[in-house]
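Protein chains in written order, with the working numbering: chain A, 17 to 584; chain B, 14 to 206.
Keep in mind that the hints were calculated from the coordinates and are not lab data. Accuracy of the hints is not assured; some may be wrong.
Dumping the calculated SDA-like pairs for lysine to any residue here, alpha-carbon to alpha-carbon at most 20 Å [claimed, not checked]:
id	chain 1	residue 1	chain 2	residue 2
1	A	K366	A	Y561
2	A	K329	B	N159
3	A	K329	B	N53
4	A	K329	B	T161
5	A	K314	B	R85
6	A	K329	B	S79
7	A	K366	A	N571
8	A	K556	A	W494
9	A	K329	B	E82
10	A	K365	A	H264
11	A	K366	A	P355
12	A	K329	B	E81
13	A	K366	A	P266
14	A	K556	A	I522
15	B	K116	B	R52
16	B	K116	B	E171
17	B	K116	B	R174
18	A	K556	A	D372
19	A	K556	A	R530
20	A	K329	B	R174
21	A	K329	B	T26
22	A	K329	B	R85
23	B	K28	B	N159
24	A	K314	B	E81
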Amino acid sequence: MRLTGAEIIWESLMHEGCDLVFGYPGGAILPTYDALSKYPQVHHVLTRHEQGATHMADGYARATGRVGVVMATSGPGATNLVTGIATAIMDSSPIVAITGQVPSSAIGTDAFQETDVTGITLPITKHNYLVADVRDLAATLREAFHVARTGRPGPVLVDVPKDIQIATTEFEYPTEPIRLRGYRPLGAASPEQVAAAAKLLRTARRPLILAGHGVLMSGAVRELREFAESAQIPIALTLLGKGAISEHHPLCLGMMGMHGEAYTNNAIQEADLLLAFGMRFDDRVTGNLATYAKKSRKIHVDIDPSEINKNVKVDVGIAGDLRAVLQQLLPVARREADPAWMARIQEWKKETTARDVIHEQAGDKLLAAHVIRDLWRFTGGDAITVTDVGQHQMWEAQYYPHERPHTLITSGGLGTMGFGLPAAIGAKMGRPGEEVWAIVGDGGFQMTMAELATCVQERVELKVAIINNGYLGMVRQWQEFFYEERYNASPMVNPDFCKIADAYGIPAVRVTRREEVEDAVARARAHEGGPIVLEFVVEKHDVVYPMVPSGATLNAMIRRPAATPEMV
Amino acid sequence: MEIPTGSGHPVRTSKHVLTALVENRPGVLSRVANLFRRRNFNIDSLTVGRTHRDDLSRMTLVMDGSQEEVERLEKNLYKLINVIHVEHMTDRPSLYRDLALIKVAVSGETRREVHQLAEIFRARIVDVSPESMIIELTGEESKIENFTDLLRPFGIVEMVRTGVVAMGRGEHTLEHDSYQPRAGVLGSRKSVL
Numbered sequence: 017m018r019l020t021g022a023e024i025i026w027e028s029l030m031h032e033g034c035d036l037v038f039g040y041p042g043g044a045i046l047p048t049y050d051a052l053s054k055y056p057q058v059h060h061v062l063t064r065h066e067q068g069a070t071h072m073a074d075g076y077a078r079a080t081g082r083v084g085v086v087m088a089t090s091g092p093g094a095t096n097l098v099t100g101i102a103t104a105i106m107d108s109s110p111i112v113a114i115t116g117q118v119p120s121s122a123i124g125t126d127a128f129q130e131t132d133v134t135g136i137t138l139p140i141t142k143h144n145y146l147v148a149d150v151r152d153l154a155a156t157l158r159e160a161f162h163v164a165r166t167g168r169p170g171p172v173l174v175d176v177p178k179d180i181q182i183a184t185t186e187f188e189y190p191t192e193p194i195r196l197r198g199y200r201p202l203g204a205a206s207p208e209q210v211a212a213a214a215k216l217l218r219t220a221r222r223p224l225i226l227a228g229h230g231v232l233m234s235g236a237v238r239e240l241r242e243f244a245e246s247a248q249i250p251i252a253l254t255l256l257g258k259g260a261i262s263e264h265h266p267l268c269l270g271m272m273g274m275h276g277e278a279y280t281n282n283a284i285q286e287a288d289l290l291l292a293f294g295m296r297f298d299d300r301v302t303g304n305l306a307t308y309a310k311k312s313r314k315i316h317v318d319i320d321p322s323e324i325n326k327n328v329k330v331d332v333g334i335a336g337d338l339r340a341v342l343q344q345l346l347p348v349a350r351r352e353a354d355p356a357w358m359a360r361i362q363e364w365k366k367e368t369t370a371r372d373v374i375h376e377q378a379g380d381k382l383l384a385a386h387v388i389r390d391l392w393r394f395t396g397g398d399a400i401t402v403t404d405v406g407q408h409q410m411w412e413a414q415y416y417p418h419e420r421p422h423t424l425i426t427s428g429g430l431g432t433m434g435f436g437l438p439a440a441i442g443a444k445m446g447r448p449g450e451e452v453w454a455i456v457g458d459g460g461f462q463m464t465m466a467e468l469a470t471c472v473q474e475r476v477e478l479k480v481a482i483i484n485n486g487y488l489g490m491v492r493q494w495q496e497f498f499y500e501e502r503y504n505a506s507p508m509v510n511p512d513f514c515k516i517a518d519a520y521g522i523p524a525v526r527v528t529r530r531e532e533v534e535d536a537v538a539r540a541r542a543h544e545g546g547p548i549v550l551e552f553v554v555e556k557h558d559v560v561y562p563m564v565p566s567g568a569t570l571n572a573m574i575r576r577p578a579a580t581p582e583m584v
Numbered sequence: 014m015e016i017p018t019g020s021g022h023p024v025r026t027s028k029h030v031l032t033a034l035v036e037n038r039p040g041v042l043s044r045v046a047n048l049f050r051r052r053n054f055n056i057d058s059l060t061v062g063r064t065h066r067d068d069l070s071r072m073t074l075v076m077d078g079s080q081e082e083v084e085r086l087e088k089n090l091y092k093l094i095n096v097i098h099v100e101h102m103t104d105r106p107s108l109y110r111d112l113a114l115i116k117v118a119v120s121g122e123t124r125r126e127v128h129q130l131a132e133i134f135r136a137r138i139v140d141v142s143p144e145s146m147i148i149e150l151t152g153e154e155s156k157i158e159n160f161t162d163l164l165r166p167f168g169i170v171e172m173v174r175t176g177v178v179a180m181g182r183g184e185h186t187l188e189h190d191s192y193q194p195r196a197g198v199l200g201s202r203k204s205v206l
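In isolation and in its complexed conformation, chain A is listed as follows:
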């Protein structure tokens, strides 16, 4: 079958199981868009900005576990992908980006809308390709999907010059196994590694599991629970690890790190054995490395060998697929819990609960933490939530416990403001049967709010909760704590978000009192046929507690002031 390069792109996408592409056309990718009408099996979502398209592909990938696909033209189209690609690589999200490029003969001449996108994205892609011959196109796309979804997943970019989209060749999708000499995703651990881990496990009195995104990515949720239950070891979660185990499980201690609960961070500092599963000891979870978890030996399992001994020196490092490794470790996991260790954690937990903002009477104030808690209650704790970045993100992590994997989607590593709305669109389109909420701040929302139009055009039944405090809240919080309350460039004069929604034809509800939250959430849940916006006007000068100041010791936290008389 003789096909053009453009047709080969769509054929290859279909062979890879892709039926949804987020993108934005332009000159150098037009031949491919022209061929789209021959492939009704693939649905193309026109976004309002290429950054939005990349975040949608990312959100889709995180919600479904499949590869998200984004398409853009050369030059500015391609450079607008950069933030989204960098977001995806930091959180190991599998996406394939296909960009048009100026014709091969014009490459290097500074032609109109030419940019060296493979050069620009070299440090932020897992791998990238510039296709030089139409005969290589199908194999290259196939390889791109393979690299994106296997091993430690990540973004892969394929740059296709315009003449290659037009050129024709005999098409047959390759079927032989992909063999990349320099790329062999890892599997199980060696018997020596299992034995070494078992030895540390046998003698541990105060063990603690640190569960990260890798648990979800490797599909090891069941294995993690079985391991933890069999060995009676409590589990602390990273932000992206939320959903690795139900947060209502008695062994789950919730989120660790900069805004983790004090009892979780205390447990890390006091443990005598840390089992780090699919996490990478980011500075936001370790605080000061020189004082981090000094009393513990460490076992680290990660699919990426370069993560082992990168930030924290470990006693047993196992580079491998977490699911396979946990299956190997399960037979050696049986041990009795040390009641003293569990009791200590419970004691810390009690002390933390006493300070919890949840028990605070807000009076006529609407506190963001209360909004998130109510969202959790009135959605039955079962929605997929997609957050933006900042205070609301941390409150989500603290007050919306997740029970199922892949139900929290958030930009952890890169901390990309503007991620929330488009990623939520991608998530909802990937899992239309689920209730999906975008929880965003007023700052981040305004970075990508043009995607409301995409939402309307695609009739995406997304619920958007804007937590509006009229500030770049986390910036304001740092200025309050560390810059003597000089609030430079953090107050925001905002538009009327309900009118904005109205202009897009989206119903909107403004909530200013806690009593109104329940009705607003109920109305949003009942809404069908498209998106709905809820604006929560919350207390401006609120702070996320507790907080480990950047670079401080993990359990040297700024705590919520102790119980006040108004507290219940």
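Given the structure of chain A, go ahead and fit chain B onto it with the hints provided.
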């Protein structure tokens, strides 16, 4: 060399030579070079050349750093899809060679002296003109450095070096197809993602 660290304990650094077998494709050199900048590695020298196989190139990297840094470099090299195999040459008996071309100023009186020095070092005189000579010297880095120190008083006009290339002695070869990840308890398992 000792460099101070935050904890107050000096970390011992030394010269390490790594050899990498890579796919002979456009852009591979820039991927490797970018890695040094991206991950903040200090590289003394990097050479790239073809091998006896069309599809493979071989790189030699010289780095001054601690054992941990070298392991980190090795693991990061493996993250590049085009890098097939990496070996730490300083771990085993290996040959190191660097080639230098040195243009040295000479006059009637000094010409003979320079010639004698070249003979002692088994260097070759490859170009002679009334005021200068070009000397070609191959050897380990230290040999080249000793030789240039001796030539310096005569006046080195120009000099170029290729950078170090390395090869394991005896039966040892860099594997290219049959490579299997090596397992180690301490997380030193050498493989790709």
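Which of the numbered hints are not met once you compare them with the structure shown? 2, 4, 14, 15, 20
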